[in-house]
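2 protein chains.
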Amino acid sequence: MARIVQKFGGTSVADLDRIRNVAQRVKTEFDASHEVAVVVSAMSGTTNQLVEWATTVGAVHDAREYDAIVATGEQVTVGLLAIALKNLGVDARSWLGWQVPIHTDDVHGAARIDHIDAASIDQRLSQGQVAVIAGFQGIGPDHRITTLGRGGSDTSAVALAAALKADRCDIYTDVDGVYTTDPRIAPKARKLDRITFEEMLEMASSGAKVLQTRSVAMAMRHNVNLQVRSSFTDAPGTFVVNEDSIMEQETISGIAYSPDEAKITIVGLPDRPGVAAAVFGQLADHHVNVDMIVQTASSTTKTTDISFSVGRLDNEKAVEIIEKNQDSLEFETIVADPNVSKISVVGTAMRSQPGVAKTMFETLAAKGVNIQVISTSEIKISVLIDAEYTELAVRSLHTAFGLDEG
Amino acid sequence: MARIVQKFGGTSVADLDRIRNVAQRVKTEFDASHEVAVVVSAMSGTTNQLVEWATTVGAVHDAREYDAIVATGEQVTVGLLAIALKNLGVDARSWLGWQVPIHTDDVHGAARIDHIDAASIDQRLSQGQVAVIAGFQGIGPDHRITTLGRGGSDTSAVALAAALKADRCDIYTDVDGVYTTDPRIAPKARKLDRITFEEMLEMASSGAKVLQTRSVAMAMRHNVNLQVRSSFTDAPGTFVVNEDSIMEQETISGIAYSPDEAKITIVGLPDRPGVAAAVFGQLADHHVNVDMIVQTASSTTKTTDISFSVGRLDNEKAVEIIEKNQDSLEFETIVADPNVSKISVVGTAMRSQPGVAKTMFETLAAKGVNIQVISTSEIKISVLIDAEYTELAVRSLHTAFGLDEG
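Sequence order for the protein chains is A and B. Residue 31 in numbering that gives the first Met the number 0 sits at position 32 of the first sequence, and the numbers go up by one each step. Residue 186 in numbering that gives the first Met the number 0 sits at position 187 of the second sequence, and the numbers go up by one each step.
Keep in mind that the hints were calculated from the coordinates and are not lab data. Quick caveat, the model's predicted, so the values are computed rather than measured. Where a beta carbon is used, it is the ideal one built from N, C-alpha and C, also for glycine. Be careful, since some hints might not be right.
Examples of chain A residues toward chain B, derived with CB under 8 Å [as the list claims (entries may be wrong)]:
hint, residue
1, L15
2, G57
3, Q74
4, K85
Among chain A residues calculated to face chain B with C-beta under 8 Å, some are [stated by the list, open to error]:
hint, residue
5, W52
6, A53
7, A58
8, V59
9, I68
10, V75
11, G78
12, L79
13, N86
14, Q98
15, P100
16, H102
17, V274
All chains, full assembly: derive it from the sequences and hints.
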């Protein structure tokens, strides 16, 4: 007997038929004498409708009310799934964030889980009742509903798996696992049987959408056994595990890409301490998320250029913020390219195997792809390139690193 | 300065424009330095969708999950209205049933309010914050969401008005008050300025849909000043008041009708004690709501006939239940007429003014309307007639009792 947390996303519960299908999957584990807690998202489309209402009823935003409104999406799904389970003869009940309770901080709209009082659910699981828990939501210190932000249901599932000391946390999604790269642009992509937490983290933050970065980080911290698998097939998925549990490691686990980036270069900044802080402080104050940063100094002109990347949607806003501060920042000019993409090669074994960067740069050069910015971590190399070359670059690197199937 | 509870139904909050309109109405009272608590229903149509999902996802019903699902309708509206109010510069926050809290019994789907801890809202009102409260919902003894059943938002509003010691409880609806009868079938119907609780109670239970019977009974018990008024015009509505606050009372306040009734007659029952109990016990066990009952005994045959009315939707079910018990009940035959309607004349002054029944019966006879069943209370006379004559009967009685406008 094991204790399992299952998480189903919006497309897996998109209509009543799919909810019944999810109930069957829960029943399969339940019938195998496992204790099962299920975390579900809102029916796909529902959250968008609720967000639209909450943001168009008035221009002034109220994050507390926003949370009360959007949290209803998951409230509906947990009730429906609990009914579907009862109809299969499985004892089940729904739990809302405030009923568990899942305590969060008070940052409405993007709350962080503080702690979970899992005692009630723990007891019910031991008694053979399935717990159907609303993902994405919790209760704040002021006794009001909070939400964890987009994709927060993955985080709910991992946090519950940790609090319930679950043997496994299965994330059901519309793909059947983590791939060496996106199969839509590289048909030879292979599904990975295993991937390490660190690699998954780099893949997630480099554009692979299969798991939310936050949930992977939490799983790593609490050593939760994660599995990514399909809601629609019975095939085994991809296990996300500790590095030491993988005996033989390939050099590169995957090629990730993020196609919607913009590159901004500030030319001719004074080369003195505090310049970078001034630039990025301004952007942070306006909630612009900056990813890659490179700085080059010229010893002759005593000026420096700073290039950085932002999500394409933030491009204009970022340029505007910097331009407004031209007087205090004292730069010459600013150049923005809203059509770049980020390509990353990820692999834990990169640490011990030199030559990854060389292979990457040579492969891109051979296809005539110009590298604009480079940034590296211990287990990842990312480059910015012209967005036109995205698919070509991904496929070429996939082949070059021996990831192609067959 | 007064303390006012306002209640807006589903059609008044059907879309974002109407929600903004409601916010304006709240602001009007707020700007007049009143303390305002607003109770709202779900956007019209929402509850039906939620009920459909909850009842079709599986055949086995679970009233607890049903309540968690349908309560989301009001949760969305309170959030949206609170945002709309903030956008008008009015400080406001939403309150869900479990946050107030509104404590109910554990009869999920049709819960009764046990008591309301109004202290938190009371304090916020005193501080000048508008309270936007989800109608129709509460929290049960097991810490789960309950709903009060259809139309329960009126009851929520009245209960809150009592708990908050409000000076007035305004029920906003899509009609502009209580009429002497339904203006759709009697164009000469007049809006009443005032009506007594007792009359409103009889009107409501006789088919006038403007207020839920339960909420009127509660208002009478707690002496809550009720006003029924329009969400769409500024005209004053109808006040529902104590009898002693109306100086000059007309004989008849209104003609109510309920067009979807069925009459069932059980012929040739043994004339002995316990027969009625046996018949109506069976029906009650199967949740068939019986309205009017008449029994006639024949001294020669030692048998009796019982006629009673049920809602038309319950007709077949009721007949089936009685037929199944033909052996134990020992009746001869059963006759059902699924096309009758109930017409009621209502008025407190009826008590002291004889001749109301005479006028009623003569008026109907003059139009050739056959009376099938009669039942009376202190302030009401109801008859069952062939449904074909409904409109004719209502208009004739409206004229006969001097209720026509002008």
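Each hint, compared with the structure:
Using the Cβ-Cβ criterion of 8 Å, the hint placing L15 (chain A) at the interface with chain B is satisfied: the shortest such distance is roughly 5 Å. At about 3 Å, the closest approach between the beta carbon of G57 (chain A) and any beta carbon in chain B falls short of 8 Å, and the interface hint on this residue holds. The closest approach between the C-beta of Q74 (chain A) and any C-beta of chain B is roughly 5 Å, which is under the 8 Å cut-off, so the hint is satisfied. Below 8 Å, beta-carbon pairs count as interface contacts, and K85 (chain A) has one with chain B at about 5 Å; its hint therefore holds.
Contact between W52 (chain A) and chain B, as hinted, is supported at the beta carbon level, the nearest pair being about 6 Å apart and thus within 8 Å. The criterion of a C-beta within 8 Å of any C-beta in chain B is met by A53 (chain A), whose closest approach is roughly 7 Å, and the hint holds. Taken as an interface hint, A58 (chain A) checks out: its beta carbon lies about 6 Å from the nearest beta carbon of chain B, inside 8 Å. Checking V59 (chain A) against chain B: minimum C-beta separation of about 5 Å stays under 8 Å; hint holds.
Interface hint at I68 (chain A): satisfied, since its Cβ lies 4 Å from the closest Cβ of chain B, which is below the 8 Å cut-off. The restraint placing V75 (chain A) at the interface with chain B holds, with a minimum CB-CB distance near 5 Å, inside the 8 Å limit. Interface hint status for G78 (chain A): upheld, as the beta-carbon distance to the closest one in chain B is roughly 4 Å, under 8 Å. At its closest, the beta carbon of L79 (chain A) sits 5 Å from a beta carbon of chain B; the interface hint therefore holds under the 8 Å criterion.
The criterion of a C-beta within 8 Å of any C-beta in chain B is met by N86 (chain A), whose closest approach is roughly 3 Å, and the hint holds. Here the hint on Q98 (chain A) is kept, as its CB sits about 7 Å from the closest CB of chain B, short of 8 Å. A cut of 8 Å between beta carbons decides the hint on P100 (chain A): the least distance to chain B is about 10 Å, and the hint is violated. Evaluation of the H102 (chain A) hint against chain B yields a violated restraint, the C-beta minimum of about 16 Å exceeding 8 Å.
Among the interface hints, the one on V274 (chain A) is violated; its C-beta lies about 40 Å from the nearest C-beta in chain B, farther than the 8 Å criterion.
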